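Same order as they appear, the protein sequences are chains A and B. Start counting at 1 in the first sequence, then tack on 2, and there's your number in the working numbering. Start counting at 1 in the second sequence, then tack on 2, and there's your number in the working numbering.
FYI, nobody ran anything at the bench for these hints, they're computed from the structure. It should be emphasised that the depicted structure is a prediction, and the values quoted were computed from it without experimental measurement. Hints may be right or wrong, so weigh each one.
With a straight-line cut-off of 30 Å between C-alpha atoms, the simulated DSSO-like cross-links for lysine-lysine are [to be verified]: (1) K164/B - K164/A; (2) K164/A - K78/B; (3) K164/A - K67/B; (4) K114/A - K114/B.
Protein chains: 2
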Amino acid sequence: MDDSKGMLIVVSGFSGVGKGTVVQLVFESLPNLQFSISCTTRKPRSGEENGVNYFFMSEEEFEKKIAADEFVEYTKTFTNYYGTLKSEIDKPLARGVDVLLELNVVGAMNIKKMYPDSVTVFISPPSIGALKARLIGRGTESPESIERRLKEIENESKVIDKYDYCVTNNIARTCADEIVNIIRSEHLRVSRQNVNKIFISEE
Amino acid sequence: MDDSKGMLIVVSGFSGVGKGTVVQLVFESLPNLQFSISCTTRKPRSGEENGVNYFFMSEEEFEKKIAADEFVEYTKTFTNYYGTLKSEIDKPLARGVDVLLELNVVGAMNIKKMYPDSVTVFISPPSIGALKARLIGRGTESPESIERRLKEIENESKVIDKYDYCVTNNIARTCADEIVNIIRSEHLRVSRQNVNKIFISEE
Numbered sequence: 003m004d005d006s007k008g009m010l011i012v013v014s015g016f017s018g019v020g021k022g023t024v025v026q027l028v029f030e031s032l033p034n035l036q037f038s039i040s041c042t043t044r045k046p047r048s049g050e051e052n053g054v055n056y057f058f059m060s061e062e063e064f065e066k067k068i069a070a071d072e073f074v075e076y077t078k079t080f081t082n083y084y085g086t087l088k089s090e091i092d093k094p095l096a097r098g099v100d101v102l103l104e105l106n107v108v109g110a111m112n113i114k115k116m117y118p119d120s121v122t123v124f125i126s127p128p129s130i131g132a133l134k135a136r137l138i139g140r141g142t143e144s145p146e147s148i149e150r151r152l153k154e155i156e157n158e159s160k161v162i163d164k165y166d167y168c169v170t171n172n173i174a175r176t177c178a179d180e181i182v183n184i185i186r187s188e189h190l191r192v193s194r195q196n197v198n199k200i201f202i203s204e205e
Numbered sequence: 003m004d005d006s007k008g009m010l011i012v013v014s015g016f017s018g019v020g021k022g023t024v025v026q027l028v029f030e031s032l033p034n035l036q037f038s039i040s041c042t043t044r045k046p047r048s049g050e051e052n053g054v055n056y057f058f059m060s061e062e063e064f065e066k067k068i069a070a071d072e073f074v075e076y077t078k079t080f081t082n083y084y085g086t087l088k089s090e091i092d093k094p095l096a097r098g099v100d101v102l103l104e105l106n107v108v109g110a111m112n113i114k115k116m117y118p119d120s121v122t123v124f125i126s127p128p129s130i131g132a133l134k135a136r137l138i139g140r141g142t143e144s145p146e147s148i149e150r151r152l153k154e155i156e157n158e159s160k161v162i163d164k165y166d167y168c169v170t171n172n173i174a175r176t177c178a179d180e181i182v183n184i185i186r187s188e189h190l191r192v193s194r195q196n197v198n199k200i201f202i203s204e205e
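Excised from the complex, chain A in its bound form (with noise of 0.2 Å):
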């Protein structure tokens, strides 16, 4: 394999995991990272910025994007639309730099199968109990969305198992120092160098 290919990481974990926050972390300790922002037709929580935490879009506008085949996969959840777009990847992945994903599992599953190189991590909370107590403090959802979300979490625990890795986000900086060792970890696999390299120059 190519050295100069940027390596891809996709992110999944429950809500109110505190994703954003790992996440985040991850980016101050790997300057050459790029955060791919997702398509999704969802009302910004409070903080979101559009072309930051997402590209927000009418489901009109989502709709084109999918007719247009933008999209290197998309998912329909409840009643909203979430996607990545082709260009947010496969660009920066070509220049040699690595690309961050955060993803539900549909879409994380989605891309493993697409890139089979990807590396794919979820975070997990130390317990459920405290998750569960988290997202009903968290206070920014009706009780019919947080009852879709236990649900959701119920559902999302049977494919942790499909994933590559999963670390626990007991505490952000912990969690996030984690996922960069993985990340350069992955970095020197045999799979991912020209081990031969070494030799070239010599004799």
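Guided by the hints, dock chain B onto chain A, whose structure is given.
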């Protein structure tokens, strides 16, 4: 898989690449890691101690252990035997202790076949020219022995792509940190964890 089982790490590298120093630093960083002492019929080098670096023994003693089926693997290189005792691996692994083996490529591939979950790491030099100079400069070996080692390097280089990871020993401390990270990251693989544990003791 059972979280409580230890992990087997196999480290190889060309003669003169500085494996000893790197491995020493890895052990300083991971107090729970145990070194599996190999048996050999070769003479101790200056500074090497019986029961620390190797179990040094006569050909007769070694062949007695072969007959008693005490080895998990053994190889004969040039005129010397090298072997790994079953007792040095299986007992610590069962206790949940990680075990590191330093082996040549034949031994490493034998172990990988018998312990498919083991993690194999090849330590490569920054360049082959530097390695040759270092090997000659060590001054511990006859010209014939050096000649054989150079031949061995050529042969070993053909199987690096069979290893899981390849790290470069440019600075020993950096190289050791990379191996430490590999060991830590491998423990986070889903295949090495009981990912359902977060749901146990709940509800």
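**Q.** Distance restraint between K164/B and K164/A, which requires alpha-carbon spacing of 30 Å or less
**A.** With a Cα-Cα distance of about 24 Å, the restraint between K164/B and K164/A holds, given a limit of 30 Å.
Q. For the pair supplied as a hint, K114/A and K114/B, is the alpha-carbon distance within the 30 Å limit?
A. holds, 26 Å
Q | Holds or violated: K164/A to K67/B, with C-alpha atoms at most 30 Å apart | A | violated, 43 Å
Q | Given pair status - K78/B, K164/A, alpha carbons within 30 Å | A | Status violated; Cα separation ~41 Å.
When the structure is compared with the earlier hints, violations turn up for hints 2 and 3 and for no others.
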